[in-house]
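Required output: the full structure, derived from the provided sequences and hints.
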Amino acid sequence: MTEIVMENLGKDFGDFTALAGMNLTIGDGEFVALLGPSGCGKSTTMNMIAGMLDPSHGEIRFDGRPMNGVPMARRGVGFVFQNYAIFTHMSVRENLAYGLRAQGVGRSEITRRVAEIAELLQLTPMLDRRAAGLSVNILQRLAIGRSAVVEPAIFLLDEPLSNVDAAFRAVMRSELKSLQRQFRQTMVYVTHDQLEAMTMADRIAVMDHGRLLQVGTPLEVYNHPADTFVARFIGAPGMNLLSGQVVSSDSGTQVDLGAAGRSGPVMAAQGGDVLFGFRPEEVQPDPAGPLAMQVSMVERIGARTILHLVTQGHEAKAVLDSETPTPGQGEVFRFSIPAASVRLFDAKTERAL
Amino acid sequence: MTDMTSPMPHARTDAPDAEGREERRLGFWLTLPAQLLVLFIALFPILMQIYISLTDWSPLDGIPWYRAYELWIGLLNYADLAGDPRFWSALWRTGLVMAICVPVQVLLGLGLAILFVDDFRGKRVLYSTILVPMMVVPAVAGYMFFMLFQSGGPINDLLSMISGQRVTIAWLSDPDLALFAVIVSDIWQWTPLMFLILLAGMVSVPQDQQMAAVLLGASWGRRFRTIVLPRMKTIIIIAVAIRVIENFKVFDNFYIMTGGGPGVATETISIYIYKVTQQELIWGYVAAIALAILIVLSVVSMLAIRKMRKA
Amino acid sequence: MQRSLSFEIFRYTAIALFLALSLIPTAWMLSMAFKPIAEWQSSGVDLTWWPNNPTLDNFRFIFGHSSSDLIVALDRTAGRPILASLLSASFGTAIAMTAGTAAAYGLSRFGFGGNLPLALIQLRLFPPMAVMIPVMIMWAFLGLIDTWWGLALIYGIVTLPFAFWLMKTFFDDMPREIEDAALVEGCSRWRVFLRVTLPMMRPALASSALFVFILNWSDYLIALLLTTRDWVTIPVYMASLSSSMTGQLYGAKAALGLIAAVPPVIMGIAIQKQLVRGLTFGALKE
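Residue numbers (this note's numbering), protein chains in the order written: chain B, 1 to 353; chain C, 354 to 664; chain P, 665 to 950.
Check before you lean on any hint, since a few could be wrong.
[To be verified] Beta-carbon label-pair distances, calculated as ranges:
| # | chain 1 | residue 1 | chain 2 | residue 2 | range |
| --- | --- | --- | --- | --- | --- |
| 1 | C | Ser526 | P | Thr677 | 34 to 40 angstroms |
| 2 | C | Pro583 | B | Val136 | 19 to 25 angstroms |
| 3 | B | Ser174 | C | Phe473 | 45 to 51 angstroms |
| 4 | C | Arg477 | B | Asn23 | 40 to 46 angstroms |
These are computed hints drawn from the structure, not numbers from a lab.
Beta carbons: idealized from backbone N, C-alpha and C, even for Gly.
Now the structure itself:
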């Protein structure tokens, strides 16, 4: 239960900048996901919080205490590794007791706390099994339990679901979320999967190329992406971005999308070249709609249908529910976007307007 | 020779018959030379050895070996062996050398491996330099130590410098000191081997597990005891087994340094067999000794191999 | 993981200490090899640790050039033993590598010779001393005593286990897709082995051969038993240098020892990556 403050935190490996000037405060008991593609600096950030790496510049503070130079063993950080790093030559019980033994906790106390955490994580039946042959979901719970039993103030999870198959991920996500509610620890969760971040985190920090691009609640980053990277990265499929020009006419301010038509009225503070963004889910089929694109492919996925749309220079996707009648491949699809759903980005800086 | 079912790799399910025949023929011819060499050195000699060990044959008698049955004495050689104090003392000495050398080599090797397990400046050069002794021809190593331990040699010179008075210890002619000297040469030569193997094992201990232990607050000692050592158990067993078995073969450096002497002070089992072979020439008896050793070693090695297989 | 400064100091000190002790014997031989006779004959009173007047006399001497200080007639020079060592070790290596590589491939690809791995390990485990009686009888019977080819034959057999096991682990590691592709092209298995597999394995063959060569080159005992005069190898010759009435020819022996020691040390360092694999029969690969 600790507040983590990162101030101008950076890490260089030789000429390569893994992380540049990160400023982020993670509140007490908050669950923050560091989200980004591989190489974005999220793992570097996490390793610096844990103390496995020394920052090149900047500072990390836990509850106001500077952590630079504090060895990792004394930071009170629990770490769940990507492959769990379970001690496979020990039993489940020995794994759980490892941290307590290392910290010199008394024997009866160890027995009690191990039993407690095992009960919480439903590990009691396999306490005396060797860790080597356990299934992935048990290993994951064990990894969490092994870190949790020493009651660290901060919990760091490094892509804990990346080794799990897709079907299981959903189960694990809700399990992790409910565990976090029980432990009430500050949690930092590193992932490249936006769905994991969206479903579990209180706040998401989106990173790319060593830079923090946006921090916000899942809905904030979804609805109000700070730039085109975040817009594309969050959501599946990501936000559509069509280049166009803001024009003013009698019917108000509109965006001219060339061959795709002209959008309905939008609120724009700026003219000139823009990127016209909208979520595929916000597309409204509308025979009289102002926009038209050709259907290049129709993807039917159960309850949803994804239309792949093209028009000279533009590509977009539309997500419709499968009840909606859809045009066939090669046909023209007319649609409209509610003004409130439109996000405009500067064409040059790619920042939200 | 034990037969072992080997995994049949590379089953080409679509292989037509002709191809299967070609593979079988090629497999046969490829393995034939090795099989013949093994037969040539293993089966035939061992049968011959058993035969001769039941006789009192010596190459000096002028009787060809195949007519050794003329000197048939049954199991008398083995009975003699059981009551041969020199054999037992050589065996005991081999065990003693082993009991001192192997633990020292393992501990030194382990200590060095700890120093080398992570990266530091100059690691590659230092690593190569440490390996040098194990690559020196053992006979030459024996000669190096022969020179070092001369009474007018550098070791006494060093001791003189330290003590301030002239030291003239006759290392190689005192029974206890001679044994000490040959043990030092063995440790010198084979500690790098232990280091090499143990380091390879230590490097393979998963880094993230050690990291996890650190984050759980485990001290270096606890990590070493609970993570590193248990995971190196098999490798340590392999390393020890290699040295134990090699110790039965120890000959070159010992023989060059002391010739097994003074008296029999440094006479290990290999030197003993050599001396009986070359100097006393009772080959029927030698064959019996050799067979006894072979049986003991086969049992020891089978146990070690079984352990290795599991790894 | 960061290590503290004090650990770094400890590390370098400990390694330096170990290396200092470990290099003394080699350094001493090096020093002796270049000392003039007056220095290496010292009885300890005026011992020099490093040659005051370094000279190549010792090397000249073992190749038959007596110097003014060292008037000893050698009954033979070092040239022949060096030749014997080279011939027996090289051809022994060739025998071991040929039979070992072929058998390793036969087992690794076609599952032939399933008895070989264990049989060869056992062969390796036996002390040579314990099988030498029959070998000496056989070699005498076949007229192979005191010949370099007789020595090469026994070396080839003794080191066959290493060649076989090293090559087997290399073949097991090698992906089969390339061979399969060549097979689909219509090459015969034999052609694939010669034209595809072996060329690909060249680095593995080279390091295995060097490993086996070091072992053969290092032998003393077998040569001691199977050679008498014409084809004694360097170690046997070296030991015999002292049994003459001249007493210990320290400098000459040190020079010879240096000649014997240098090749395997260089080769060993060149193949240090494969040493673990070779020494543990592939149980450990690094």
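Now the hints, each set against the structure:
Separated by about 36 angstroms at the C-beta atoms, Ser526(C) and Thr677(P) satisfy the suggested range of 34 to 40 angstroms. For Pro583(C) and Val136(B), the Cβ-Cβ distance of about 23 angstroms falls inside the hinted range of 19 to 25 angstroms, so the restraint holds. At about 46 angstroms, the CB distance of Ser174(B) to Phe473(C) agrees with the hint of 45 to 51 angstroms. Between Arg477(C) and Asn23(B) the beta carbons are some 41 angstroms apart, a value that agrees with the proposed interval 40 to 46 angstroms.
In this structure, none of the earlier numbered hints is contradicted; all agree with it.
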